[in-house]
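Residues per chain, in single letters:
2 protein chains.
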Amino acid sequence: MGRTGQRVAITMHDVAKLAGVSIKTVSNVINDYPYLRAETRQRVLDAIDKLGYQPNLSARGLRSGRTGVISLIIPDLRNAYFAELADSVMRAAASDGLAVLIQQVGGLRAAELEALHGPRMTNVDGILYSVLALDDNDVDQLDIPTPLVLLGERIFNGPTDHVTMHNIEGVKAATEHLLSLGRRRLLAFGAHPGEVIGSAGLRLTGYRQALDDAGIPFDPRRVVNVGNWHRSDGAAAMREFLAKGVEFDGVVAFNDSIALGAMRVMQEAGIRIPADVAVIGFDDIDETRYTLPTLSTISPGMEEIATVAVRFLRERIERGARAIPPREYLANFSVIQRESSAL
Amino acid sequence: MGRTGQRVAITMHDVAKLAGVSIKTVSNVINDYPYLRAETRQRVLDAIDKLGYQPNLSARGLRSGRTGVISLIIPDLRNAYFAELADSVMRAAASDGLAVLIQQVGGLRAAELEALHGPRMTNVDGILYSVLALDDNDVDQLDIPTPLVLLGERIFNGPTDHVTMHNIEGVKAATEHLLSLGRRRLLAFGAHPGEVIGSAGLRLTGYRQALDDAGIPFDPRRVVNVGNWHRSDGAAAMREFLAKGVEFDGVVAFNDSIALGAMRVMQEAGIRIPADVAVIGFDDIDETRYTLPTLSTISPGMEEIATVAVRFLRERIERGARAIPPREYLANFSVIQRESSAL
DNA sequence: GTCAGGTCGTTCAACGTTGTAATGTGCCTT
DNA sequence: AAGGCACATTACAACGTTGAACGACCTGAC
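Chains A and B are the protein sequences, given in the same order. Quick note on my numbering: the first sequence kicks off at 1 and runs consecutively. Quick note on my numbering: the second sequence kicks off at 344 and runs consecutively.
Rather than coming from a laboratory, the hints here were simulated on the basis of the structure. We put the beta carbon where it would ideally sit given N, CA and C, even for glycine. Hints are supplied without guarantee of correctness; some may be wrong.
As the list claims (entries may be wrong) - Only some residues are given here: those of chain A computed to face chain B with a beta carbon under 8 Å:
hint	residue
1	Ala38
2	Thr40
3	Gln42
4	Leu57
5	Leu62
6	Ala83
7	Asp87
8	Met90
9	Val100
10	Gln104
11	Gly107
12	Pro119
13	Leu260
14	Leu292
15	Arg327
Let the sequences and hints guide you as you build the complete structure.
Dropping the structure here:
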């Protein structure tokens, strides 16, 4: 195999010679071409077995234009939500025989663009892109030849499929859940100032809708900004908020990680959960089942999102990147009540 | 691009024509061939820019035998330890310009073998393999033409590099730490019956060595088996153990996840941590900093492991899979004391 | 004035596979 | 008996790139 001469791999030629057929017949066997005598097929399979032949995927990729690999662009695997998303996507892809190349872009604009436009995109059949840095103004950046399916809340009405969750309705239901417990002074925890679209913007809208519907006045002092959505950011934001002395009896956190960070800080401060403050998060990541107290949350239907996203992408790969008009899919969510919002 | 005619990509030919040079010169520009007039190089770069040319990685991979992709074989991204490992590996690889193809094998023997021997291995420059299902008896399965570096505790003395952590010494230090607090009735939490090598076997050895050195008799009743090492397994094992009524005042858990599951169950049962029972885990996953109480643990030097593993692999890729005799590397560990074992 | 050696660019073939089209077979139909 | 059709296999070229080798030009040294 090139360069230094080491690694001389077995090719179709070797198999063909051993089986006494043409190289194309070997190819036909591998690709399940129907018109093959059973005896010929068997002879080829035996030769493949004997030599331990494995098709060269680079060559196949070059010739056929298909690599059997899709890429998944996400900010960061250290974030439990994305680790779980990656897991779900990989399992959905595996059942279609697709491998997944994960590209961590850390929420950096340049890195996201590179993943979309860089050379690696020539090497994958399609891209699953969980948008974080780009927004609606960058829609033309999505006009690439590779089949593409969007995830996340940053871009709606893009030129291609978009699979996402009920952000507004989910947080609205979360808020209503805390209201139903009699809590009235709820924090919106995780806002991004000025953001309208995007997870933070949409989720804040859900919070406000629930308050409006219940006839409870909106109090901007109870909107807490949290820049990133890791545990440590939630902890820091809560620490700062407590220092202000604004009263509250419930927290609607915009994701689980910041809810857990905040919970930890509240407990340090002697606040009892749920007795003093009820908490609900968003995402239903695994660890919410094992914290003390366990965390109520919104399950956004991640498995469904992963399955549908891979299916949409596979359809675009098979029928052509532009052959299908853009689709929008919203997964079903559900409210999971646990100890942090028990009666 | 093949099949259906859509996606006609720009190739070196187009660039060459526009720049008025041969296609090989374009290749030379891209590959930083030194003997190029600055003016020629610029002309080519301009043409590349103008056309938006991106090299076809399948073709490059076929011709040169290098794809710029390494694969990382791990059991499961839902396990925080492996998600963090994957993150560290990907960042280390990215700084070498390598992409990472993660293969989740769920600890299944067949899946691990497929990842090692299947066709995908023809498509990657090297493999980072975190062994879980195979063991010392399978060493000959590792005799593959692709450069390979092993992680994990299942296979020592394999035919290739092995990068791992101080399991015995780490748990020994963890045990000594609890002993230094005056605790004497320590659980070894996470054993696998009969296992000698492998994380569970080695870590149990560390626990016993610490007891021996301190002259404390080993009590087999305080060895708790935990089949898998997810939070839920730790929770279930602790629930079962508490039912037995065996007294204890410390828990040496063989990883953080089961420590957290166990901690949660103990707290439900009214056990105060660390007042009644001190707890220490292993791995130093992110969430141990945010639980209540925060979890003391052994930091196994994961960043170092990832960096060294990628470096070893890169060296094997560059110099040939067999050109380097097997190396063994053990990362430095440290004891991280947090609230769960505070005085 | 010649030659060695560095500089700059080119030609050619090959990596291993699959799409297209063609070539055989045999059997059934008319 | 000739044509038609389903089956079975093959020859050939091409996918886009890079390694090997070579040629032409220039500079400086003797």
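Results of checking the hints against the structure:
{"no.": "1", "hint": "Ala38", "result": "violated (24 Å)"}
{"no.": "2", "hint": "Thr40", "result": "violated (22 Å)"}
{"no.": "3", "hint": "Gln42", "result": "violated (21 Å)"}
{"no.": "4", "hint": "Leu57", "result": "holds (4 Å)"}
{"no.": "5", "hint": "Leu62", "result": "holds (4 Å)"}
{"no.": "6", "hint": "Ala83", "result": "holds (4 Å)"}
{"no.": "7", "hint": "Asp87", "result": "holds (4 Å)"}
{"no.": "8", "hint": "Met90", "result": "holds (5 Å)"}
{"no.": "9", "hint": "Val100", "result": "holds (7 Å)"}
{"no.": "10", "hint": "Gln104", "result": "holds (5 Å)"}
{"no.": "11", "hint": "Gly107", "result": "violated (14 Å)"}
{"no.": "12", "hint": "Pro119", "result": "holds (5 Å)"}
{"no.": "13", "hint": "Leu260", "result": "holds (6 Å)"}
{"no.": "14", "hint": "Leu292", "result": "holds (5 Å)"}
{"no.": "15", "hint": "Arg327", "result": "violated (19 Å)"}
The structure fails to meet hints 1, 2, 3, 11, 15 from the earlier list, while all remaining hints are met.
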